[in-house]
Every structure is written in C-alpha cells, then in structure tokens.
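Chemist: Put together the whole structure using the sequences plus the hints.
Heads up: the protein sequence lines correspond to chains A and B, in order. Position 178 (the first sequence) corresponds to 178 in the working numbering; numbering is contiguous. Position 98 (the second sequence) corresponds to 98 in the working numbering; numbering is contiguous.
Think of the hints as simulated: they come from the structure by calculation, not from any bench. Using N, Cα and C, we set each Cβ at its ideal position, and we do this for glycine too. Check the hints yourself; a few may be wrong.
To be verified - When the alpha-carbon atoms are kept at most 20 Å apart in a straight line, the in silico EDC-like pairs for lysine to aspartate or glutamate are as follows:
id, chain 1, residue 1, chain 2, residue 2
1, B, LYS377, B, GLU305
2, B, LYS380, B, ASP217
3, B, LYS40, A, ASP231
4, B, LYS185, B, GLU158
5, B, LYS289, B, ASP154
6, B, LYS488, A, GLU180
7, B, LYS488, A, GLU189
8, B, LYS153, B, GLU175
9, B, LYS488, A, ASP70
10, B, LYS46, A, ASP70
11, B, LYS165, B, GLU305
12, B, LYS338, B, ASP55
13, B, LYS46, A, ASP231
14, B, LYS377, B, ASP355
15, B, LYS377, B, GLU121
16, B, LYS342, B, GLU359
17, B, LYS488, A, ASP185
18, B, LYS547, B, GLU631
19, B, LYS338, B, GLU359
20, B, LYS103, B, ASP72
21, B, LYS153, B, GLU121
As the list claims (entries may be wrong) - Beta-carbon label-pair distances, calculated as ranges:
id, chain 1, residue 1, chain 2, residue 2, range
22, A, LEU265, B, PRO686, 33 to 43 Å
23, B, HIS202, A, LEU78, 32 to 42 Å
24, A, GLY244, B, ARG241, 26 to 36 Å
25, B, ARG322, A, PRO76, 18 to 28 Å
26, B, SER304, A, PRO76, 17 to 27 Å
27, A, PRO76, B, LYS338, 30 to 40 Å
28, A, MET172, B, LYS547, 39 to 49 Å
29, A, VAL27, B, PRO686, 24 to 34 Å
30, A, VAL89, B, SER238, 57 to 67 Å
31, A, TRP65, B, THR410, 44 to 54 Å
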Amino acid sequence: MDTSVTPFSNTFRQHRWTVGVVHVLLVTGSLVFLFPLMWMLSTSLKPLEETMTLPPVWVPSTWQWQNYADTVRYLPFLRYTLNTVTIAVLAALGTVASSALVAFSFTRLEWPGRRILFALTLATMMVPFPVLMVPLYGVFRNLGWIGTLRPLWVPSFFGGAFNIFLLRQFFMRIPRHLAEAMTLDGASELVIFWKVYVPLARPALAVVAFFQFIYSWNDFLGPLLYLLAQDTFTLPLGLQAYQGQMAGAGAAWHFLMAASVMTTLPIVVLFFFLQRSFLQGITVMQSVES
Amino acid sequence: MLPASPRLLVLLVFLAAWMGSGRMAKAADGERVRVLYWEKWRGFEKDAMQAVVDDYNRAQDRIFVEYVAVSDIRTKTLIATAGGDPPDIAGLADEMIDDFADKNALLPLETFTSGTAIVAERYLPVYWDMVHYRGHLWALPTAPVIGALHWNKDLFREAGLDPEKPPRSIAELDEFSKKLTRRNKSTGQLEIMGFLHSEPGHWPQIWGYFFGGELWDGSDRITFDSPANIRAYEWVQSYARDYGPAELQTLRSSFGPVSSAQNAFLSGKVAMALQGIWMANFIATYNPKMHWGAAPFPSAVEGSEPIALANADVLVIPRGARHPREAFSFLAYMAEQKPLEKLCLGQSKNSPLADVSPEFFAHHKNPYIRMFQDLAKSPKTVHFPNMSVWQQYRFEAYNAFERIWLLQATPAQALRDATERAQRAWDRERERRNRVDETPPSPWIGRAPVLLIAAIAAIVFALARREHTRTKALTAGKPARANASLVKGLLFVSPWIGGLVVFVLYPITSSVVLSFCDYSVLSEARFVGLLNYHDLLGDELFWTALKNTAYYACLALPLGLSTAFFWALILSSNVRGAGIYRTFIFLPSLTPLVASAMVWLWIYNAQYGVLNHLLSFVTFGLVHHVPWLKEARYAMPSLIFMSLWSVGHTVVIMMAAMQEVPTALYEAADIDGATLWQKVRHITVPMITPVLYFNTILGIIQVVQVFATPFIMTKGGPTRSTYFYSMYLYENAFVFLRMGYACAMAWILFLVILALTGLAMRFARSEA
Chain A
1 MDTSVTPFSN TFRQHRWTVG VVHVLLVTGS LVFLFPLMWM LSTSLKPLEE
51 TMTLPPVWVP STWQWQNYAD TVRYLPFLRY TLNTVTIAVL AALGTVASSA
101 LVAFSFTRLE WPGRRILFAL TLATMMVPFP VLMVPLYGVF RNLGWIGTLR
151 PLWVPSFFGG AFNIFLLRQF FMRIPRHLAE AMTLDGASEL VIFWKVYVPL
201 ARPALAVVAF FQFIYSWNDF LGPLLYLLAQ DTFTLPLGLQ AYQGQMAGAG
251 AAWHFLMAAS VMTTLPIVVL FFFLQRSFLQ GITVMQSVES
Chain B
1 MLPASPRLLV LLVFLAAWMG SGRMAKAADG ERVRVLYWEK WRGFEKDAMQ
51 AVVDDYNRAQ DRIFVEYVAV SDIRTKTLIA TAGGDPPDIA GLADEMIDDF
101 ADKNALLPLE TFTSGTAIVA ERYLPVYWDM VHYRGHLWAL PTAPVIGALH
151 WNKDLFREAG LDPEKPPRSI AELDEFSKKL TRRNKSTGQL EIMGFLHSEP
201 GHWPQIWGYF FGGELWDGSD RITFDSPANI RAYEWVQSYA RDYGPAELQT
251 LRSSFGPVSS AQNAFLSGKV AMALQGIWMA NFIATYNPKM HWGAAPFPSA
301 VEGSEPIALA NADVLVIPRG ARHPREAFSF LAYMAEQKPL EKLCLGQSKN
351 SPLADVSPEF FAHHKNPYIR MFQDLAKSPK TVHFPNMSVW QQYRFEAYNA
401 FERIWLLQAT PAQALRDATE RAQRAWDRER ERRNRVDETP PSPWIGRAPV
451 LLIAAIAAIV FALARREHTR TKALTAGKPA RANASLVKGL LFVSPWIGGL
501 VVFVLYPITS SVVLSFCDYS VLSEARFVGL LNYHDLLGDE LFWTALKNTA
551 YYACLALPLG LSTAFFWALI LSSNVRGAGI YRTFIFLPSL TPLVASAMVW
601 LWIYNAQYGV LNHLLSFVTF GLVHHVPWLK EARYAMPSLI FMSLWSVGHT
651 VVIMMAAMQE VPTALYEAAD IDGATLWQKV RHITVPMITP VLYFNTILGI
701 IQVVQVFATP FIMTKGGPTR STYFYSMYLY ENAFVFLRMG YACAMAWILF
751 LVILALTGLA MRFARSEA
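Modeler: Here it is, written out as structure tokens:
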C-alpha cells in the first residue's frame with residue numbers, strides 16, 4: 001500500500017476490512033466499465049446464430065476470426081484506416097507545430113498587441129462549433145475542398161485556441177533566464193524556441209499531439225459534413241454508414257462488433273504504449289489549467 | 001509608431017500562399033469524357049447496373065461512365081451539389097426530386113429531351129408522373145418497385161388455411177392473421193405474427209390508401225387526417241391494442257438483418273407482409289425452399305381496383321455537373337427498352353415502361369412478375385405526393401404511426417397533429433418563398449462579414465496601440481527592442497492569424513449575417529430580417545429539441561460529475577492495483593463515439609440485449625424485454641446512463657487534482673478524529689473546487705452540443721424523445737439546406753451557453 005496520506009488512510013488503519021470494501025468496489029466498477037468492451041469483442045467472434053440466442057452465449061463456441069476477414073472484405077476497411085491515420089497524424093503534427101510556435105510568440109516575444117490578440121484567442125474558445133459550421137462549409141466549398149480530407153486536417157496547421165492556451169501556460173513555467181543567456185550569445189528566437197522550449201515542453205507537446213490524434217480519430221461530425229465518397233471515409237463514418245445500410249429490422253451484430261473492435265483497437269493499443277506519459281501529461285495539464 | 005504595413009503584408013502574403021495551395025488542377029482522363037455516376041446500390045443490384053454501364057461504355061468511345069457506390073445518397077448528393085462539386089449523374093429515389101428541384105439542385109431535363117423519343121407514352125403513367133414537378137421533368141426512372149402482399153404458404157398450411165388463397169379484404173386479412181399468430185406455449189411470448197404493420201416499416205404513411213384515403217389533395221392541402229385515413233389507422237392501432245405495443249416491439253427486435261435468413265418474413269416470424277418486389281431476391285438467396293405467394297394488398301373499399309404504392313429509383317443531373325450533355329446521353333440510353341429491361345431483370349424488378357417485351361417476362365426470376373407488372377398499370381396505383389416538404393411530411397407521418405403503434409395517442413389525434421405540423425411547415429415554406437422572391441439579393445450580404453472583420457481588426461489595432469504606448473512608457477529608454485520584436489512576433493503567430501481570420505472570424509461574422517438571411521447555398525442569400533428568429537420561436541420542433549437537450553443536460557452533467565468524483569475518490573485511496581483499475585475505468589472514454597454507440601445499441605437490444613438478460617436474471621424474470629431505445633420514456637434515460645460509461649477522462653483529471661491536496665490537511669484532520677465523510681466534505685471537495693468548476697463549464701459546452709450518439713443510436717426517436725438541438729441544427733443546415741435558419745439556431749445556442757457558463761462562473765466566484 002502506498003504510504004502517502006489520503007482521506008482513507010486513517011479509516012484503513014482502524015478498520016482493516018474497509019480496504020476489502022474498496023477493493024470489491026473497484027473490482028465491480030472495473031467489471032462494469034470493461035464489460036461493454038469485452039462484450040464487443042466476444043460478439044465479434046461469434047457466428048451470427050450465437051448472437052441471437054437466449055440466454056446469451058458469453059464466450060463464442062468457436063472463435064470465428066472469419067468475421068474480421070468478412071468485414072474487411074465487405075467494407076474498404078483498410079482504406080478507412082489509411083484515411084483516418086492520415087488525418088489524425090497530420091492534424092496532430094500540425095496542431096503541435098503551429099500551436100507551439102504561436103504559444104511561444106505569445107509567451108516569450110515582446111510585441112505590441114500580443115495581449116489583445118491572446119485575449120481574442122481565448123474569446124474564440126467560447127464559440128461553439130455549430131456557429132461556425134455553415135460558413136465554414138462555405139469556406140471549404142470555395143476552396144474546392146468538399147469531398148477531400150483537407151478540411152479535416154489543414155485547419156490544425158493554423159493552431160487551435162485551446163492548445164495555444166495550454167502550451168502558453170506551460171511555457172510560462174520555463175525559466176526566462178535560459179532564453180536570455182542564449183540571446184546574449186546571439187541566438188535567434190527560432191533557435192531559442194527549438195533548442196530550449198521544445199525540448200523542455202516535450203511532455204506537454206506529446207499530450208497535445210495525442211489529444212488531437214484521438215480527437216481526429218474519433219471525430220464524427222467533421223467527416224459527416226465534408227466527406228462524400230466512400231473511399232474517403234474515416235473509420236467512424238464508415239462504421240456508421242455500414243450500420244445505416246443494415247438499419248431496419250435488424251443488424252448483423254457480429255460484423256458490426258468486429259468493425260467496432262477494429263475502430264477502437266488502434267487507439268487502445270496506442271494508449272497502452274503511451275499510457276505513462278499520457279496520464280502524467282493529463283496531470284500536468286490539470287495543474288496548468290487550474 | 002506602430003507600423004501597420006508589415007503586419008498587413010505578412011497577412012496578405014500568407015493568405016495568398018495559403019489560398020493558392022488549396023486549388024488543385026483536375027487531370028483529364030484520356031480522350032473520353034469521364035462521367036461520374038453516384039448510385040446507392042450495392043451487391044447484386046450494383047452488379048446489374050454495372051453490367052448496363054459496361055454495355056454503354058463498350059457501345060461508344062466518346063464517354064466513359066464511372067459507377068461509384070455512395071451511402072446516404074440523398075444527403076451526400078445535396079451536400080456535394082451545395083459544395084460545388086457534384087457528380088454528373090446521381091441515382092436518387094423519386095420522392096427526393098421535388099425537394100431537390102425546389103432547392104435549385106437539379107437541371108431540368110426538357111432542354112435535353114425535346115425532340116427525342118423520351119415522351120410520356122413511353123412510360124407507365126405512375127412512373128412518368130412521379131418524375132415531374134412544377135411543370136418540369138427532373139429525372140428519368142430506372143429500376144422501379146411496387147409493393148404487394150407477400151404470404152408464407154407453409155405457415156398458411158400449418159394454420160389450416162388454404163395456402164393458395166391470400167386474403168381478399170382487410171377483414172379477411174385480420175381473420176387470417178389471428179389464425180396465423182402463435183405464442184410460445186411455456187412463456188406465452190409472441191413467436192409468429194400473422195401480419196405486422198411495422199414490417200418492414202418502409203411505408204408507415206400509406207395505410208390510408210387501402211381505405212380510400214389520400215395523402216394530399218393534389219394541390220395545396222394535406223389530407224392525412226381525412227376520415228378514411230383515420231379509419232385506416234384505427235385498424236393499425238387495433239393490432240397494437242390486441243397484442244400490446246411492448247410485446248410487438250420485443251418480437252420486432254428479434255428480427256435479423258433484412259438481407260439474411262433471419263429476416264422476419266424469411267424466418268417465418270411474420271406470415272404476411274406488405275413488401276416490395278425485391279422480396280423474391282431475398283427469398284431466392286436466403287430461403288429458396290420457402291413456399292410463398294404475392295398478390296395485391298387487400299383493400300377495405302369493396303370493388304376497388306388493386307391499390308399499390310409505386311416507387312422508383314431515378315437518374316438526375318445535379319446543377320453544377322461538369323458534363324451535363326454527356327450525362328444526359330447516358331440517361332437517354334437508360335430510357336431505351338433493352339438496357340432498361342436488362343437492368344430490371346438483373347435486379348428482379350418490374351419495368352417502368354409501358355411496353356414490356358415477352359423476353360422480359362420469360363426471363364424474369366420473380367414467379368409473380370406479371371401480377372407486379374399489372375399492379376404497376378392499375379389506375380389506383382399511387383406515388384408519393386409531389387411536394388417540397390415531403391421529407392418533413394414523411395417524418396411527421398412516421399411519427400404519427402409510432403404514436404399510434406405505441407398507443408400514445410388516438411389515431412384521430414396523431415393524424416391531426418401530423419397534418420397540422422406538416423401543413424404549417426408547407427404553408428410557411430410557401431410564404432417564405434414568396435417573401436424571398438420579392439426580395440432582390442443584396443451585394444451587402446457578401447460584404448458585411450468582411451466589414452465586420454475590418455471593424456474587429458480596427459478595435460484590435462486601437463487596443464494594441466494603447467497597450468503599446470503603455471508598455472513604451474514602462475520600458476522607456478529601450479523602445480528599439482519592443483519594435484524589433486513586432487515583425488518576429490507576428491511572423492511566429494502568422495499561421496494563427498491566418499487561421500483565425502479564415503476559419504474563425506470570417507465564419508463567425510458571416511454566421512451573424514446569414515442568421516438574418518434566407519440562404520440555401522444553391523441560391524443567393526436574401527435578407528429577411530428577423531424572420532428566422534421569428535419562425536424559430538413558433539417552431540415546435542425547435543422547442544422539442546431544446547427541451548430534450550435541457551433534460552439530457554440537467555441529468556447527464558451532474559450525474560457524470562458525481563460519478564467521476566466517486567471513482568476519483570475511491571481510486572485516490574491508493575489501494576494496491578489502483579493504477580490498473582484506473583486504466584480500466586479510463587479505457588471506455590477512449591472508445592470512439594461511433595463504436596460505443598454500436599456496442600450500446602447491442603447491449604440495449606430488447607430481444608437479445610445482454611442488459612435485459614441480466615435484469616431478468618437478477619429480478620427472477622420480473623423485468624424482461626424492456627425496449628430501451630424503442631420506447632419514448634426509456635430512450636433518454638438509456639442515453640444518459642450510457643454517457644456515464646465514458647466519464648473516465650474526468651475521473652483522471654479529478655484524481656490529479658485530489659493528489660495535489662496537501663496531505664498535511666488530512667493528517668491534521670485525523671488528529672482531530674474527523675470521519676472519512678467529514679474529510680471528503682470539508683477538505684477534498686473545497687480543495688478541488690476550481691477543477692470541479694472548470695469541468696462543469698467544459699461539461700456545459702459539451703453537453704448542449706450532443707450529436708453523434710443520438711444521431712447514430714436513435715435518429716432522434718422514438719417519437720422524437722431523443723431529438724437533440726444539434727441534430728435539428730444539422731438537419732436544417734445539411735438536410736433541408738435552410739442555412740440561415742441553422743445559423744439563427746446556432747446563435748441561440750451560443751447565447752444559452754454564454755448564459756449558463758456566466759451563471760456557473762458567478763456561482764464559482766461567490767463560493768470562493
């Protein structure tokens with residue numbers, strides 16, 4: 001048991017059984033939270049007949065990996081994955097690069113008007129997407145981008161207000177004298193940015209990138225608005241379209257669940273790889289926010 | 001002095017570079033003109049069309065038609081046309097034509113057909129009629145469908161009925177249905193329904209026709225609540241009354257996919273159904289041994305000619321198509337008997353043409369093709385009304401059907417409500433069109449957003465100048481430094497300024513302007529003053545959506561926050577393995593919304609859903625087969641419960657905040673002998689209050705914009721009980737193309753968010 005003091009420490013010490021209660025709560029809770037994901041996985045490996053029985057079959061009698069092959073054959077899943085990865089990677093890169101530069105300028109460079117522009121940045125965060133939705137569609141239309149992936153990643157190369165705000169807060173914690181020493185050595189701002197701020201802010205940048213990646217991966221409304229042909233679809237949009245085709249009296253649940261697993265799995269795998277820095281990052285962000 | 005020019009210059013250079021990079025030249029495809037053809041069909045229906053397209057491509061060397069399968073063809077075609085890059089040909093359905101035509105999204109075809117052999121006499125009247133609207137020809141029919149009664153001869157035999165004799169009247173249908181319906185001997189649950197109105201559920205609005213009713217008067221009145229229609233829906237409701245809506249819903253949720261052997265009709269769960277001519281294909285594929293028959297659906301009106309609903313897939317040329325002439329040449333090819341019959345044979349549909357070749361009947365796979373073809377010729381065969389508000393009317397009718405079916409309203413009441421709403425929508429649409437026709441488009445509408453941006457820029461400039469003078473006073477003596485950084489500073493933020501102007505400020509200002517305009521993208525915006533806001537206040541759907549969203553927000557937000565707080569607190573007890581538990585609780589919040597919608601749809605399924613199974617297990621069978629998402633009173637709570645599943649993100653943030661609470665506070669409390677509850681209440685909660693408020697404000701902004709989950713899971717139903725504000729906004733903008741109206745809705749949403757967050761902040765400040 002951790003030695004740090006929590007509201008529970010005293011209770012745990014006085015009544016040993018309360019530790020057990022907490023464990024039981026946590027195990028039950030974890031089961032409830034994990035159950036839908038497990039159910040998704042289990043259904044995805046069943047033959048159709050086994051999805052439609054009562055009582056339900058908990059573990060498929062035979063692990064029908066064929067369902068995945070069938071789903072991939074029926075749907076251009078690889079195409080969807082490629083599109084989604086393209087958008088998510090470009091958007092993550094773009095948002096990190098541009099937001100970091102802008103945040104640096106707002107934090108470290110002294111130029112007239114930066115305060116008011118920063119205030120404007122914050123103000124735009126309050127505007128909900130539906131307000132922008134219609135005219136933004138017009139902008140992309142005039143650019144000839146409707147039906148392409150561009151509306152989904154190009155804007156992130158122009159910085160996002162929330163990310164700029166987060167990174168600025170983070171940059172403000174970096175001691176000024178580091179940069180000033182380099183300025184005396186004649187280093188330009190870009191060098192300072194690259195050599196001092198970027199390395200020091202790496203965890204924060206990683207979190208911004210990861211958040212953007214997840215956001216773009218999971219986004220539904222954006223692809224729904226801008227993508228037209230099936231070969232440009234992202235995973236979520238493709239999955240929804242697939243379900244929509246079967247709407248009506250019923251659905252092929254084993255295929256739907258297989259498609260859902262394939263949409264979810266990459267994010268989960270990525271999370272397990274980055275878990276430590278990611279959860280740390282959230283902690284950092286949290287302290288920065290408050 | 002603040003030099004303004006470098007800033008402007010940077011901005012302009014940047015904008016120019018950026019705009020330029022967006023344009024991309026389209027490469028020409030060889031010498032042949034490439035005609036892009038979007039179509040909804042997949043599978044064998046696609047193969048049939050592809051074969052005809054291949055014939056066409058082989059028959060000449062000037063044009064190459066490329067078939068692309070597109071899902072949700074209506075919205076996609078409309079959005080692509082609005083987006084300025086439509087396909088050359090789109091395969092729509094007949095009932096979409098009028099709406100598309102009114103939105104200025106189609107090219108009328110008379111300019112192409114005049115002087116050709118494409119004339120009324122070539123087609124059956126019902127199919128020729130349905131592609132006309134406001135005196136223009138907008139489309140040409142391809143593969144039509146027609147509905148008829150399908151019955152399962154095996155079940156007839158088992159029930160002691162003559163399998164060769166379908167019901168001839170509604171009374172007979174009821175009688176047969178009673179005989180065919182079967183219940184499970186031990187549980188008493190419905191296993192077979194003789195006849196089920198909601199199967200397959202494509203046409204909930206047409207039952208009146210079999211009682212002599214009509215959907216409209218042919219000019220400007222909706223007659224959905226006529227006595228004949230009311231009689232028809234009283235008949236519909238009698239089934240729900242006899243068997244109970246919950247039981248019927250449960251039976252329905254046991255049906256498998258339409259295109260599978262588990263299909264309600266193929267698996268013998270429904271013995272008689274009003275189905276389209278396509279049913280024969282499913283039977284041949286999934287249950288070829290089944291004995292079945294098809295006949296005109298019986299009528300309650302004695303001596304009536306056979307009644308049927310005809311639909312057709314049609315080809316249109318969207319406005320803005322790159323190659324309209326070439327597109328039409330393919331349309332003309334599809335109007336010839338040979339290719340058209342090849343398509344209809346391949347898809348096993350009837351023919352829309354007046355003249356049918358003997359080979360067509362000889363080779364057709366449907367044993368009842370002659371009956372279907374005769375049905376298409378019947379003078380009583382109807383098609384959906386030619387009206388631009390048909391989508392809304394259909395929606396209202398669907399809604400009325402659900403209310404009747406779920407015993408929520410008497411047929412007279414439900415039909416009257418639907419008629420009133422649809423009529424009001426239609427009247428308003430006409431009034432609006434008159435007003436728009438009287439208003440000339442104004443050049444100021446295009447300029448106003450730019451002027452507003454200029455005004456914002458001027459304010460920013462003035463404020464910056466003031467800020468600059470003040471800094472100069474503070475840093476007197478070394479002004480050079482501040483100035484030197486201006487260009488650099490701007491260079492660093494230039495991407496952001498470009499993005500701010502193009503992707504944020506311009507959309508915001510034009511959204512303000514458009515909210516005072518009538519705008520459909522495809523026609524120029526016209527200034528209509530406060531009409532949008534005025535209409536919104538009288539729009540019942542607006543209030544329904546607002547009410548639903550408020551209901552959801554008022555429960556989902558506090559419940560979500562307290563659930564997250566609970567788990568964060570438990571996890572922060574730091575028992576062994578807390579890290580793993582945290583991962584488990586966090587994982588669901590990473591699941592893409594669409595995937596979680598899928599799995600919850602499955603969990604909530606009334607028949608095979610695992611939730612119902614567990615509930616029935618725990619309550620010893622007392623609670624079973626709850627139609628979670630199919631009944632109005634359960635649907636919203638189900639969505640709220642589901643939202644609690646993905647609170648993991650908030651849990652992690654709250655945990656982080658709890659870990660920053662100085663441990664000395666707890667130690668001191670322990671010395672004073674404080675209980676766990678006292679410590680949580682008087683130390684943890686006050687210490688993390690800022691985080692709680694931050695999450696509340698973020699939560700407010702998110703929760704009022706809920707879209708994807710209900711959009712995928714319930715489509716806003718049943719009976720609009722989960723129709724959210726953002727769904728109505730989206731539909732106004734991109735389904736109805738009422739963009740100005742949608743902008744007005746967006747601004748009202750913004751004001752609501754502003755008021756709520758203001759309230760929360762005020763509360764936070766008074767607490768602090």
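Chemist: Looking back at the hints listed earlier, which ones does the structure fail to meet?
Modeler: 9, 21 and 26
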